[in-house]
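From first to last, the protein sequence lines stand for chains A and B.
Everything in the first sequence is counted per this note's numbering, starting at 1 for the first residue and increasing by one.
Everything in the second sequence is counted per this note's numbering, starting at 1 for the first residue and increasing by one.
Among the clues, some could well be false.
[Stated by the list, open to error] Below, in silico cross-link-like pairs of lysine-lysine (DSSO-like), each with a Cα-Cα straight-line distance of 27 Å or less:
1. A:Lys383 / B:Lys105
2. A:Lys37 / B:Lys35
3. A:Lys100 / B:Lys214
4. A:Lys214 / A:Lys35
5. B:Lys130 / A:Lys214
6. B:Lys173 / B:Lys35
7. A:Lys269 / A:Lys345
8. B:Lys208 / A:Lys116
9. B:Lys261 / B:Lys157
10. A:Lys105 / A:Lys73
11. A:Lys73 / B:Lys31
12. A:Lys214 / B:Lys105
13. B:Lys37 / A:Lys73
14. B:Lys31 / B:Lys261
15. B:Lys386 / B:Lys261
16. B:Lys249 / A:Lys73
[Unchecked claim] Part of the chain A face toward chain B, derived, beta carbon under 7 Å:
17. Glu11
18. Ile36
19. Gln38
20. Ser296
[Claimed, not checked] Just so you have them, the derived chain A footprint on chain B, three or more residues with Cβ under 8 Å:
21. 68-82
22. 188-196
23. 201-215
24. 286-295
25. 390-396
Hints were generated in silico from the structure; no laboratory data involved.
None of the values given here were measured: they were computed from a predicted structure.
C-beta: ideal position from N, C-alpha, C; glycine also.
Take a look at the letters that make up each chain.
Number of protein chains: 2
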Amino acid sequence: MLAEIITIGDEILIGQIVDTNSAWMATELNKIGVKIKQITSISDEAGHIVAALNEAQERADIILITGGLGPTKDDVTKITLANYFNMPLKLDEATLAHVKQFFEKLNRPMIEANIKQAEVPDGCTVITNKNGTAPCMWFEHNDKIIVSMPGVPFEMKYLMEDEIIPRIKKAFKLPFIVHQSILTAGLGESFLAEQIADLEEALPSHIKLAYLPKLDQVRLRLSASGINEDALLAEIALHTNKIVERLEKHVVLTEDLPFEKAILNLMGKHKLTLSLAESCTGGYISHLFTQHPGSSTVFQGGGVTYSNALKQLLLGVKEETLDEFGAVSEQTAKEMAIGAVANFKTDYAIAVTGIAGPDGGSVDKPVGTVWVAVASKTQVKAKMYKFASQRLQNIERSAMAAMMMLFLQLKQDLNVKP
Amino acid sequence: MLAEIITIGDEILIGQIVDTNSAWMATELNKIGVKIKQITSISDEAGHIVAALNEAQERADIILITGGLGPTKDDVTKITLANYFNMPLKLDEATLAHVKQFFEKLNRPMIEANIKQAEVPDGCTVITNKNGTAPCMWFEHNDKIIVSMPGVPFEMKYLMEDEIIPRIKKAFKLPFIVHQSILTAGLGESFLAEQIADLEEALPSHIKLAYLPKLDQVRLRLSASGINEDALLAEIALHTNKIVERLEKHVVLTEDLPFEKAILNLMGKHKLTLSLAESCTGGYISHLFTQHPGSSTVFQGGGVTYSNALKQLLLGVKEETLDEFGAVSEQTAKEMAIGAVANFKTDYAIAVTGIAGPDGGSVDKPVGTVWVAVASKTQVKAKMYKFASQRLQNIERSAMAAMMMLFLQLKQDLNVKP
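Hey, can you work out the whole structure from these sequences and the hints?
This is the structure:
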């Protein structure tokens with residue numbers, strides 16, 4: 001079963017916003033065995049919408065449209081769909097009642113444009129949007145399903161989860177798609193490929209292998225599709241084991257989880273706590289951990305010690321250490337990590353101190369020089385990394401390196417296999 | 001001048017990665033007066049690549065393709081382009097030398113697949129990729145320009161900035177496009193539209209107004225295109241002023257900057273320092289500030305005080321306060337902010353404490369309850385927000401609310417107009 005996503009809105013085409021909806025939708029649709037054939041971002045123009053809709057129907061059975069449903073003049077999706085399907089707009093009483101209620105709850109008066117949001121093409125199935133005022137519209141047309149929903153992520157997500165995915169599952173008999181991810185570190189994409197060339201060659205045609213490189217890690221993804229889910233799971237497990245065995249020490253994780261979530265799970269299982277001492281990563285690692293519900297059982301908090309003064313105050317880094325070795329040094333990183341374990345009273349701590357750039361580098365310590373330390377109550381280890389010149393990339397690389405160092409240390413201390 | 005972006009790669013279509021490249025490319029192209037007509041994400045299949053390429057050439061003059069250039073089997077962009085343009089692959093000596101050098105620098109041996117990366121369609125213009133091994137390829141075909149580049153963001157970005165944009169500027173005589181952004185808060189999209197309906201009606205046809213709502217803010221964007229840049233700037237300034245005058249106190253910012261950058265600029269100009277005390281935002285606000293080069297002159301650091309113990313230890317929140325009012329309370333928020341100003345020795349501090357969810361709520365304090373406090377050396381103010389049930393959205397909303405509160409306080413204290 002093939003689907004396409006069409007996102008409508010000039011704001012994507014001028015780069016004002018990043019389209020995060022499509023990736024989320026694709027992930028959810030994949031889980032139910034619907035493959036995305038194409039994602040198309042187009043402007044708020046009737047002609048363009050019609051053309052994209054025609055092209056998409058040539059390729060796919062399900063067309064999911066987001067955006068262009070706001071109450072303002074620049075949004076033309078609804079009237080365009082009404083004309084396209086030859087269904088005049090009519091006021092939908094249930095939607096109007098919902099919109100009225102929505103404004104009452106917000107304690108704001110309604111205006112003409114809001115009432116117009118309750119108009120829908122006469123003949124589509126209207127799905128009430130509990131999280132907003134623009135209704136979701138479901139069309140069936142020449143054996144294709146076309147759904148129009150708002151582009152606001154939390155309106156779209158709820159509609160997909162609660163309404164659209166269940167309806168798609170009901171409408172089609174779908175094959176299963178099973179994914180297995182293998183996160184590796186320390187080997188480039190081409191080297192990995194060479195090492196497992198024979199295993200890749202031997203994969204049956206319904207199992208595909210993809211390489212997803214990101215910074216110093218490569219995620220391998222096996223995808224199998226078929227009608228028997230149990231058989232697929234067994235089959236993909238078999239091939240996964242072969243690859244994991246072959247790549248051995250380069251395999252970090254065989255769960256499709258963000259790295260920080262795998263750390264939280266492992267530490268949570270062993271009732272261990274974590275704190276952070278972040279200098280050049282500036283809160284980014286804390287943010288990664290605290291994105292996840294329940295992170296507070298493991299993650300206690302930490303210091304974002306951008307200034308030297310805060311490194312001393314919060315982490316107890318010695319003034320002599322900073323004077324003699326500098327803020328970006330093995331000694332400072334170690335004292336930061338030890339200080340975090342001691343002051344924040346946690347089992348483990350990560351410390352990161354480096355020069356993220358673009359300024360602040362020197363001949364001895366160029367931009368991209370980063371020290372990471374991992375401390376427990378009994379030991380501390382530090383390692384230097386030399387990244388490149390780009391600030392955001394250095395922040396992300398430092399975060400990944402720090403989490404990797406902690407993860408490997410945990411696996412060693414806890415005697416855990418990948 | 002119209003361009004299209006085609007991103008190639010199954011990883012986007014299965015939702016494994018979010019396409020951030022396209023927004024960045026669109027922003028950069030807009031600056032030189034190239035409008036993006038469509039962004040299309042397709043799979044690593046020759047037939048799909050050819051179809052997308054044909055369709056794009058019907059609509060645009062410049063086609064920028066990213067992705068599918070890796071050394072592994074799943075990447076077929078290069079061979080597909082070679083067949084499409086009827087240019088057999090040949091080994092490019094300059095590229096081979098570059099690839100060799102690249103591997104030498106990394107101290108890794110080359111394998112067959114890497115040598116193949118130096119093969120290019122015979123007849124295209126090869127642009128060396130200083131940040132990677134896959135070369136960039138520039139084709140001219142029936143008065144259209146088609147460029148293929150790697151999808152790795154920092155390879156693509158450098159190639160766009162240093163090579164492709166200068167070449168596009170040379171190849172075409174481009175109109176100017178001028179954007180002006182007006183960030184507003186406190187009024188919904190439809191209300192804003194109603195308040196400025198006559199001003200919008202009166203805009204000349206070469207100036208467009210767009211509404212970009214995000215959480216509790218709406219960014220208005222005026223875009224003007226034409227051949228005389230100075231005239232456009234004057235004209236857009238005139239219309240901007242009219243809108244700003246009309247919306248008055250709802251206007252937060254008339255610069256097209258991320259909110260945190262506007263705060264850094266304002267505080268930097270007045271030589272003020274900032275620290276943070278983050279509980280439910282978990283480092284996210286720190287991360288927002290520290291993304292920006294030079295943020296360290298204003299932002300000194302802060303505490304990510306997830307646990308109550310850390311709230312007491314780092315910020316001096318009193319145990320009685322936590323016992324009597326709880327961690328999510330006006331009193332705790334205020335003590336956190338005052339503690340940050342005092343302990344971290346900064347001019348201002350923001351404190352955020354709340355229940356991000358999905359768990360941890362109660363009848364009195366449901367998920368989404370967030371207290372924000374802003375303190376200076378002489379005063380502290382706190383405000384409660386009631387957000388919704390979604391964790392990531394609550395983190396982001398809290399961050400925006402906190403920055404807004406600081407920004408308004410700064411404007412008041414410094415007597416600054418929007």
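We went through each hint and held it up to the structure:
Note on Lys383 of chain A and Lys105 of chain B: the hinted pairing holds, with a Cα-Cα distance of about 20 Å set against a maximum of 27 Å. At most 27 Å may separate the alpha-carbon atoms for a hinted pair to count; Lys37 of chain A and Lys35 of chain B meet this at roughly 25 Å. Taking the CA atoms of Lys100 of chain A and Lys214 of chain B, the gap is near 22 Å; set against the 27 Å cutoff, the hint holds. Distance hint between Lys214 of chain A and Lys35 of chain A is fulfilled; the C-alpha atoms sit about 23 Å from each other, no more than 27 Å.
Distance hint between Lys130 of chain B and Lys214 of chain A is fulfilled; the C-alpha atoms sit about 18 Å from each other, no more than 27 Å. Under the criterion of a C-alpha separation no larger than 27 Å, the hint pairing Lys173 of chain B with Lys35 of chain B is consistent with the structure, at around 13 Å. For a cut-off of 27 Å, the pair hint linking Lys269 of chain A to Lys345 of chain A stands: about 19 Å separates their Cα positions. Note on Lys208 of chain B and Lys116 of chain A: the hinted pairing holds, with a Cα-Cα distance of about 22 Å set against a maximum of 27 Å.
With a C-alpha separation of about 21 Å, the suggested pairing of Lys261 of chain B with Lys157 of chain B holds against the 27 Å cut-off. Restraint check for Lys105 of chain A and Lys73 of chain A: the C-alpha separation of about 25 Å stays at or below 27 Å, so the hint holds. Taking the CA atoms of Lys73 of chain A and Lys31 of chain B, the gap is about 25 Å. The hint holds against a cut of 27 Å. Of the supplied pair hints, the one linking Lys214 of chain A and Lys105 of chain B holds, its CA atoms being roughly 20 Å apart against a limit of 27 Å.
Taking the CA atoms of Lys37 of chain B and Lys73 of chain A, the gap is about 20 Å. The hint holds against a cut of 27 Å. Of the pairs offered as hints, the one joining Lys31 of chain B and Lys261 of chain B holds, with about 20 Å between alpha carbons and a cut-off of 27 Å not exceeded. Straight-line distance between C-alpha atoms of Lys386 of chain B and Lys261 of chain B comes to about 26 Å, which keeps the hinted pair within the 27 Å bound. At roughly 24 Å between alpha-carbon atoms, Lys249 of chain B and Lys73 of chain A fall within 27 Å of each other, so this suggested pair holds.
The beta carbon of Glu11 of chain A is positioned within 7 Å of a beta carbon in chain B (closest approach about 5 Å), and the interface hint is therefore held. Because the beta carbon of Ile36 of chain A sits about 4 Å from the nearest beta carbon in chain B, less than 7 Å, this interface hint is met. Here the hint on Gln38 of chain A is kept, as its CB sits about 5 Å from the closest CB of chain B, short of 7 Å. Evaluation of the Ser296 of chain A hint against chain B yields a held restraint, the C-beta minimum of about 5 Å falling below 7 Å.
Only residues whose beta carbon comes within less than 8 Å of a beta carbon in chain A count, and the segment 68-82 of chain B has 5; three or more means the coverage holds. Counting residues of the segment 188-196 of chain B whose C-beta sits closer than 8 Å to any C-beta of chain A gives 6, which meets the bar of three, so the coverage hint holds. For the segment 201-215 of chain B, the stated coverage by chain A is satisfied: 7 residues place a CB nearer than 8 Å to a CB of that chain, which reaches the threshold of 3. For a cut-off of 8 Å, the count of residues in the segment 286-295 of chain B with a CB near a CB of chain A stands at 8, and the three-residue condition holds.
For the segment 390-396 of chain B, the stated coverage by chain A holds: 5 residues have a C-beta nearer than 8 Å to a C-beta of that chain, and at least 3 were required.
Figure legend: structure checked against the earlier numbered hints; every hint is met.
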